[in-house]
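Chemist: Listed below are the residues making up each chain.
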Amino acid sequence: AQSVAQPEDQVNVAEGNPLTVKCTYSVSGNPYLFWYVQYPNRGLQFLLKYITGDNLVKGSYGFEAEFNKSQTSFHLKKPSALVSDSALYFCAGKGSSASKIIFGSGTRLSIRP
Amino acid sequence: NAGVTQTPKFQVLKTGQSMTLQCAQDMNHEYMSWYRQDPGMGLRLIHYSVGAGITDQGEVPNGYNVSRSTTEDFPLRLLSAAPSQTSVYFCASSLAGGYPYNEQFFGPGTRLTVL
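Protein chains in written order, with my numbering: chain A, -8 to 104; chain B, 254 to 368.
Same shape as in the complex, but just chain A (with noise of 0.2 Å):
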C-alpha cells in the first residue's frame, strides 16, 4: 500500500530564518508529489508538484521543494520565512501504478516574529 508521511506534527521558524518542511512516500511506480497549504477555516489550496524533470521544483508565495528519489522524500522549503507563512501544510502524492491520491497527515509551521 502507497503511504505519505509528515513525521513533523509542527514545525517553529523565526522569521527571516530558512524554513523546512518534511515529506516522505512509500509508492510504486514513479512518484507524483503535491504541496498544499491550508489557511485558518480555508479549504487547501496548491503551492507546487512533481511530476517528472528537475528534481528542485518551485512553487508559489517563494516555496519550492526538493525530490530525493533515493531518499524517498519530497521536503518543502524556503530561504526566508515570513509571519504569513504560518498555516498548515499538507504533502499529498500516488505511484503511477496506483489510482488515487493519498495525503499526509499535515504539519502546522509556526514563524514567530
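Source of the hints: derived by calculation from the structure; they are not laboratory data.
No experiment lies behind these values; they were computed from the predicted model shown.
All residues carry an ideal CB built from backbone N, CA and C; glycine is no exception.
Where hints are given, some of them may not hold.
[Claimed, not checked] Pairwise CB distance ranges, derived in the manner of DEER restraints:
#1 B:G256 - A:P104: 23 to 33 Å
#2 A:P70 - B:L368: 20 to 30 Å
#3 B:L368 - A:Q62: 41 to 51 Å
#4 A:S101 - B:L368: 43 to 53 Å
#5 A:V74 - B:I307: 37 to 47 Å
#6 B:P292 - A:N21: 45 to 55 Å
#7 B:A305 - A:V74: 41 to 51 Å
#8 A:P70 - B:T268: 17 to 27 Å
#9 A:S61 - B:E312: 41 to 51 Å
#10 B:E312 - A:P31: 22 to 32 Å
#11 A:S61 - B:T268: 45 to 55 Å
#12 A:A(-4) - B:N281: 26 to 36 Å
Chain A is fixed; fit chain B onto it per the hints.
Modeler: Below, chain B without anything else, positioned relative to chain A:
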C-alpha cells in the same frame, strides 16, 4: 469564476438523520472528489468522479453516497448520520483529463457535527 463552492458551511445533525452536502464548480473540471479532514489524520478520500455519470469509492466510502448527473455538481449524501461522521468535509476538482497530474482546487469546507 466562483471556483469550488460548498453549502452549507456548518451543519448539526442528530444521529440517524440524513442530509446532502452540496458542491459545485464553474471551471468545467471533469474530476471531482470529496474528502474528510480529521485532526491528525490529514485528508481521506470518500468518493470521487472522473466525469458526469461516473463515480468510484475512495478510502472511507461507508455511510456516504454520491452521484454526478452534471459536470458542475457533485453532492455528497449522508444516509444515516453517526457521531463518527463528525468532521470537516472538503470538495475538490481538477482539470479535465489531468488527474492525477493536475492540482486540485478545494472548496471552503463544511463543518459537520453529529450529536
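Chemist: Each hint should be assessed against the structure and marked as holding or not.
Modeler: Evaluation of the provided hints:
1. B:G256 - A:P104: 23 to 33 Å: 32 Å, holds
2. A:P70 - B:L368: 20 to 30 Å: Hint violated: Cβ distance 48 Å, outside 20 to 30 Å.
3. B:L368 - A:Q62: 41 to 51 Å: 46 Å Cβ-Cβ, so the 41 to 51 Å window holds.
4. A:S101 - B:L368: 43 to 53 Å: 33 Å, violated
5. A:V74 - B:I307: 37 to 47 Å: 44 Å, holds
6. B:P292 - A:N21: 45 to 55 Å: Violated, at about 32 Å.
7. B:A305 - A:V74: 41 to 51 Å: Holds, since A305 of chain B and V74 of chain A (Cβ atoms, about 44 Å apart) stay within the stated range.
8. A:P70 - B:T268: 17 to 27 Å: Violated: the Cβ-Cβ distance is about 51 Å, outside 17 to 27 Å.
9. A:S61 - B:E312: 41 to 51 Å: Cβ of S61 of chain A to Cβ of E312 of chain B: about 29 Å, so the range 41 to 51 Å is violated.
10. B:E312 - A:P31: 22 to 32 Å: 25 Å Cβ-Cβ, so the 22 to 32 Å window holds.
11. A:S61 - B:T268: 45 to 55 Å: 50 Å, holds
12. A:A(-4) - B:N281: 26 to 36 Å: At 35 Å between Cβs, range holds.
The structure is inconsistent with the numbered hints 2, 4, 6, 8, 9, although it conforms to all the rest.
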